[in-house]
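Chemist: Letter by letter, the chains look like this.
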Amino acid sequence: ENREAMLNSRSNRLTEALEEANKLFDGVCRAREAALDAQFLVIASNIGKEKANELHSEMSAFDSTAFAEDLLTFMGINRTEVEETDDSDDVPGGFLPSDAWQTLGEEAPMYFRRAPTFHYMMGSFKSEPPVPKQRIERQKKASRGKAERAMPAQLKEMEESHQEATEKEVERILRILQSHFENDPDTPISFFDFVIDPNSFAHTVENMFHVSFLIRDGLAKIKLDEDELPIIEPTKPNGRVEEESRARPRNQVVISLDQKEWK
Amino acid sequence: QVSELVQFLLVKDQKKIPIKRADMVKNIIRDNKDAYKDAYSEIINRAGRTLQEVFGLQLVEIDAKRHTYILINNLPRAESKYLCRDKEKEKMGLLLVILSFIFMKGNSVKDSALWEFLNLLRVYPGKQHKVFGDVRKLVTEEFVRQKYLESTLIPLTDPPEFKYQWGPRAEKETSKKDVLNFVAKIQGKDPTFWASQYSEAEA
Chain A
1 ENREAMLNSR
11 SNRLTEALEE
21 ANKLFDGVCR
31 AREAALDAQF
41 LVIASNIGKE
51 KANELHSEMS
61 AFDSTAFAED
71 LLTFMGINRT
81 EVEETDDSDD
91 VPGGFLPSDA
101 WQTLGEEAPM
111 YFRRAPTFHY
121 MMGSFKSEPP
131 VPKQRIERQK
141 KASRGKAERA
151 MPAQLKEMEE
161 SHQEATEKEV
171 ERILRILQSH
181 FENDPDTPIS
191 FFDFVIDPNS
201 FAHTVENMFH
211 VSFLIRDGLA
221 KIKLDEDELP
231 IIEPTKPNGR
241 VEEESRARPR
251 NQVVISLDQK
261 EWK
Chain B
1 QVSELVQFLL
11 VKDQKKIPIK
21 RADMVKNIIR
31 DNKDAYKDAY
41 SEIINRAGRT
51 LQEVFGLQLV
61 EIDAKRHTYI
71 LINNLPRAES
81 KYLCRDKEKE
91 KMGLLLVILS
101 FIFMKGNSVK
111 DSALWEFLNL
121 LRVYPGKQHK
131 VFGDVRKLVT
141 EEFVRQKYLE
151 STLIPLTDPP
161 EFKYQWGPRA
171 EKETSKKDVL
181 NFVAKIQGKD
191 PTFWASQYSE
201 AEA
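Order-wise, the sequence lines are chains A and B.
Position 88 of the first sequence, counted from 1, bears residue number 88 in full-length UniProt numbering, the numbering being contiguous throughout.
Position 118 of the second sequence, counted from 1, bears residue number 118 in full-length UniProt numbering, the numbering being contiguous throughout.
In short, the hints are calculated from the structure, not lab data.
Any given hint could be a false lead.
Simulated crosslink set (DSS-like; lysine-lysine; CA at most 25 Å straight-line) [to be verified]:
| no. | chain 1 | residue 1 | chain 2 | residue 2 |
| --- | --- | --- | --- | --- |
| 1 | B | K105 | B | K172 |
| 2 | B | K65 | B | K15 |
| 3 | B | K26 | B | K15 |
| 4 | A | K49 | B | K163 |
| 5 | A | K49 | B | K176 |
| 6 | B | K105 | B | K20 |
| 7 | B | K110 | B | K127 |
| 8 | B | K163 | B | K176 |
| 9 | A | K49 | B | K105 |
| 10 | A | K49 | B | K185 |
| 11 | B | K172 | B | K20 |
| 12 | B | K137 | B | K163 |
From the structure, some residues in chain A lie toward chain B, with a derived Cβ separation under 8 Å [claimed, not checked]:
| no. | residue |
| --- | --- |
| 13 | I43 |
| 14 | S45 |
| 15 | F67 |
Nothing here was measured: the structure is a model prediction, and the numbers come from that model.
The beta-carbon is built from N, C-alpha and C at its ideal position, and this holds for glycine as well.
I would like the entire structure built from these sequences, with the hints used as guidance.
Modeler: Here is the structure:
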């Protein structure tokens with residue numbers, strides 16, 4: 001029970017207790033008393049060890065009270081204001097701001113090599129077999145992508161959608177041409193400017209392919225301008241489309257373009 | 001399988017509770033045949049390499065008997081404050097203070113001594129704390145489970161008393177030197193002021 005008292009480095013109580021135990025042991029004749037004595041020795045040696053420990057750290061006395069006060073200062077304590085507390089009186093006064101531990105928290109991580117916790121950004125998947133990934137599609141290939149994802153067993157469907165895909169492309173190109181023209185009604189666009197994709201030869205060819213449909217259906221026409229360069233413009237929509245298309249001469253134009261020229 | 005294990009480890013590490021090898025094997029390596037024992041050892045090694053090369057994290061075995069592992073950060077520390085959330089940072093502040101106290105007091109402190117010290121910082125075991133909530137639980141359970149602190153029963157004490165020391169995670173994630181530097185910074189002194197702690201830290 002007098003553990004604390006015994007731990008006091010200046011106290012000789014431990015030695016005294018040991019001496020007393022020694023004397024008492026002489027009077028022991030029953031086993032039970034001997035057991036008590038042994039127990040006492042264990043406790044005594046533990047206390048002895050603790051005392052030795054304390055001796056060591058007292059060599060460079062660490063004042064924990066001072067450390068605590070310095071920590072409070074670091075955390076931003078305001079000592080001029082006295083906080084209303086119902087705590088015991090030995091806690092020093094001062095107002096500890098609510099972000100005190102946050103302030104300390106800004107300093108602390110630098111002393112640890114802690115692995116940052118890993119969290120999924122989007123949350124977890126449902127546990128089902130994964131849906132085939134959506135290909136990152138370039139804008140121009142939108143409907144073409146759909147056609148490719150159809151399963152091989154449904155070949156018929158695929159062919160149809162392939163048709164559709166082409167039609168959609170054609171429509172899209174027509175719309176681009178028309179909107180271009182809306183902005184600038186009297187200036188037809190240079191054919192080459194319209195179809196050439198500076199990044200892809202194959203794409204250029206595709207564009208020309210789609211444009212040829214437009215021409216075939218009479219939705220656009222190609223003329224030669226002053227410099228003998230082809231220009232393209234949408235035809236004006238009007239009620240008698242069918243007649244018009246019959247009347248218009250169909251010319252076949254073969255344009256040869258190879259990769260070198262394309263560059 | 002290696003990448004599955006890497007993901008498993010990263011997720012498991014969120015709570016900072018050490019990961020058992022048995023769990024790794026159960027979740028990732030579905031072949032339970034003994035013939036594959038070498039295989040999973042290799043898989044764990046490769047996962048460790050991936051974690052190091054891709055994430056800069058180190059997979060460390062902290063208990064060779066029970067085969068438990070933790071992840072620590074191998075990257076320079078200057079960035080760490082940006083990688084932690086506020087709640088984590090506050091806990092780390094408290095932890096740092098506790099680890100400092102333990103080290104400066106000779107690497108082992110009694111439960112009662114620790115709380116006496118924390119009281120000075122307005123942290124009480126019986127009282128709900130505005131920031132930490134149930135602090136007693138945080139210190140005696142969470143920090144211990146995460147292996148930052150180790151709690152041992154002092155023999156033949158009645159009522160039973162505990163003592164605290166640094167846990168294996170603390171040993172890996174920080175050092176005596178770092179902690180001494182922290183104390184020195186807070187107190188505005190040079191680390192050599194505490195001669196015996198300084199020589200212990202430099203050893």
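Chemist: Evaluate each hint against the coordinates.
Modeler: How the hints compare with the structure:
1. B:K105 - B:K172: holds, 20 Å
2. B:K65 - B:K15: holds, 22 Å
3. B:K26 - B:K15: Distance of about 19 Å is within 25 Å: holds.
4. A:K49 - B:K163: holds, 14 Å
5. A:K49 - B:K176: holds, 23 Å
6. B:K105 - B:K20: violated, 32 Å
7. B:K110 - B:K127: Since the Cα atoms of K110 of chain B and K127 of chain B sit roughly 20 Å apart, the hinted pair holds (cutoff 25 Å).
8. B:K163 - B:K176: holds, 19 Å
9. A:K49 - B:K105: holds, 15 Å
10. A:K49 - B:K185: It is violated: about 32 Å lies between the C-alpha atoms, which goes past 25 Å.
11. B:K172 - B:K20: Distance of about 17 Å is within 25 Å: holds.
12. B:K137 - B:K163: Holds - the C-alpha atoms of K163 of chain B and K137 of chain B are around 16 Å apart, at most 25 Å.
13. I43: Holds: closest Cβ of chain B sits about 6 Å from I43 of chain A, inside 8 Å.
14. S45: violated, 10 Å
15. F67: It holds, given that the least Cβ distance between F67 of chain A and chain B is near 6 Å, below 8 Å.
When each numbered hint is compared with the structure, violations occur for hints 6, 10, 14.
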